[in-house]
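For the sequence shown, numbering that gives the first Met the number 0 begins at 0 and goes up steadily by one.
For the record, the hints were derived by calculation from the structure and aren't laboratory data. Keep in mind that a hint or two might mislead.
Calculated pairs, SDA-like style, for lysine to any residue (alpha carbon to alpha carbon, straight line, at most 20 Å) [as the list claims (entries may be wrong)]:
#1 Lys517 with His496
#2 Lys446 with His251
#3 Lys512 with Pro435
Pair by pair, the computed Cβ-Cβ distance ranges are [as the list claims (entries may be wrong)]:
#4 Arg154 with Ser208: 30 to 36 Å
#5 Gly79 with Phe480: 52 to 58 Å
#6 His471 with His336: 19 to 25 Å
#7 Phe204 with Asp308: 32 to 38 Å
#8 Ala19 with Pro86: 22 to 28 Å
#9 Ser393 with Pro247: 36 to 42 Å
#10 Lys502 with Cys163: 49 to 55 Å
Note that the structure is a prediction, hence the values are computed from the model and not measured. Cβ atoms here follow ideal geometry from the backbone N, Cα and C, with glycine treated the same way.
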Amino acid sequence: MGLQRQLEVEAKYSVDATAAAPDISSVPGITRVTAPEVVRLSATYFDTEDLRLSRAKIALRRRTGGHDEGWHIKASTPQGRRETHAPLSEDVPPELLQEVRAIVRNSPLIAVARVDNERHLSFASDSENRVLLELCDDHVHSVSYLEKGTEQRWREWEIEATACAQQLGQADSLLEAADSVVRAQGATDPQSGSKLQSALGDSAFYVPSPPQPAVVDSSSPAFPVLASLQRDSAALIQWDPRVRRDEPDAVHQMRVITRQLRSNLHTFREFFTPHSTEKLEAKLKELAAVLGNARDCEVVQARFRFISDDLAASLLDESTRDFLHHGLDADYAKAHHRINLALNDQRYFDLLNDIDSFLAYPPLVAQTKSTNSSFPALVESLDEAYAAMQRRYSKAAPCYKDLEKSLPEYEETFHDLRKSVKKFRYAADAIGSSTPLATKKLVRACKKLQTDLGEFQDTATSRVMIHKAARHAELRGVSSFGLGIVYSYEYQRAVVHLRAAKKSYKEVSQAYKDLQKKAKKKKK
């Protein structure tokens, strides 16, 4: 039995130990509430020595009793608490641990608290006998295993909207109606966000702390740079479990974040002491390369599906379609397996630790720490990124004289141009997100140019894979005629995208000229 996932949409309340049992039968839409069933639950919570999971608002527990006993991970989201469940076993299941591996890394997990709960459980249904709410009257006893931990007792109520209520779109309205009902019966706001938080209490303040991002004056030129690096670091951690689960677009997004981190470290390297970013850049490049292999397969799979739908069956027969589909699926499976190996490798954990340390103790040069000349320093970095992009475009421009014939000769040049556009865009985005300089128009123009060049690069990747598939087809006695048609199709699309890129480049140039005028006014 694999992992099971669900979204918990609930409301929690503190209540006096002597209060009467809650009654939600008067909630509009509820016609029946079952008599309470007593369920005894015992949960042991696990975390690292420095409570990395708890700090990330994540709980990992092993619970016995109840219909869903087993291992659970609960993580807070804007929509509610997302729960992942694995069957009961002695040790934490490896597949469940993958959900939080980027946070705990290779740190040992220890028991940090135990929570015993006598739960009085009732179910509330509507006129069609659909269970819409679960009402829990919890009588809790806990003990913290941390230094200076204590035993505690308390009582709380939980009202949870069921999956049925969520599907019907009634979750929020039911919880809102129930809120006024139970508050009239003595319920108050919860004293803490979770049972684990209540169980740990003040003992959580006596554990060692993992590296925390440095606090930099908002007027320092380093502020927007570090803020951008911090956002991307958090995003990298968030995408990690989704990549491991092979969710749609997850590999692509994690690769984008990895490249953005590396790009901003390089673009703003003058803000840091000499050579201090080089090791991080190299490690991020290695991670991006591993992600890139799977991403290339995804790109070609998507392009081939589009081309298959666009080409007539007489040009691309079923056997050719199947041959290419199966080959791409196999290539992707191998590439994703290599990703999972990399994400469980010590080098990856070292990278995450190095990023944390860099952000906690940024090796800023003296003038970057100053708040006197932050704006000019940022604009200067952006100017340098723009100049680098201009140089790349100058090398690619001759291709437009005879685009169809000179295309193969300039493929790498256009790829380099795209990389410089991304660096320029990331720098503009980092500066605009944390300073008064309005860079949104420039970022949009860069994104359009990056997309055009990206589509071109995708056709280049596709043509390489199709050429490889054609050779394999010949060895297996499969006709490669259809693959030649696909190759030609991609070649023509490449020309179209490069023509679009030429127009987009002019828009980027104009957007930057407009931004420079605004920047000069702000300097005065």
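Verification of the supplied hints:
Using a Cα cut-off of 20 Å, the hinted pair Lys517 and His496 is violated, with the two alpha carbons roughly 31 Å apart. With a C-alpha separation of about 16 Å, the suggested pair Lys446 and His251 falls inside the 20 Å cut-off, and the hint holds. For the hint linking Lys512 to Pro435, the alpha-carbon distance of about 17 Å falls within 20 Å, and the restraint holds. The given range of 30 to 36 Å is respected by Arg154 and Ser208, whose C-beta atoms sit roughly 32 Å from each other.
For the pair Gly79 and Phe480, the supplied restraint of 52 to 58 Å holds, since their beta-carbon distance comes to about 54 Å. For the hinted restraint 19 to 25 Å between His471 and His336, the CB-CB distance of approximately 20 Å keeps it satisfied. In this structure the supplied range 32 to 38 Å is violated for Phe204 paired with Asp308, their Cβ-Cβ distance being about 60 Å. Our hint of 22 to 28 Å for Ala19 and Pro86 is violated, since their Cβ atoms are close to 37 Å apart.
For the pair Ser393 and Pro247, the beta carbons lie near 38 Å from each other, so the given range of 36 to 42 Å is met. The beta-carbon spacing between Lys502 and Cys163, approximately 52 Å, falls within the hinted interval of 49 to 55 Å.
Violation of the numbered hints given earlier is confined to hints 1, 7, 8; the remaining hints are satisfied by the structure.
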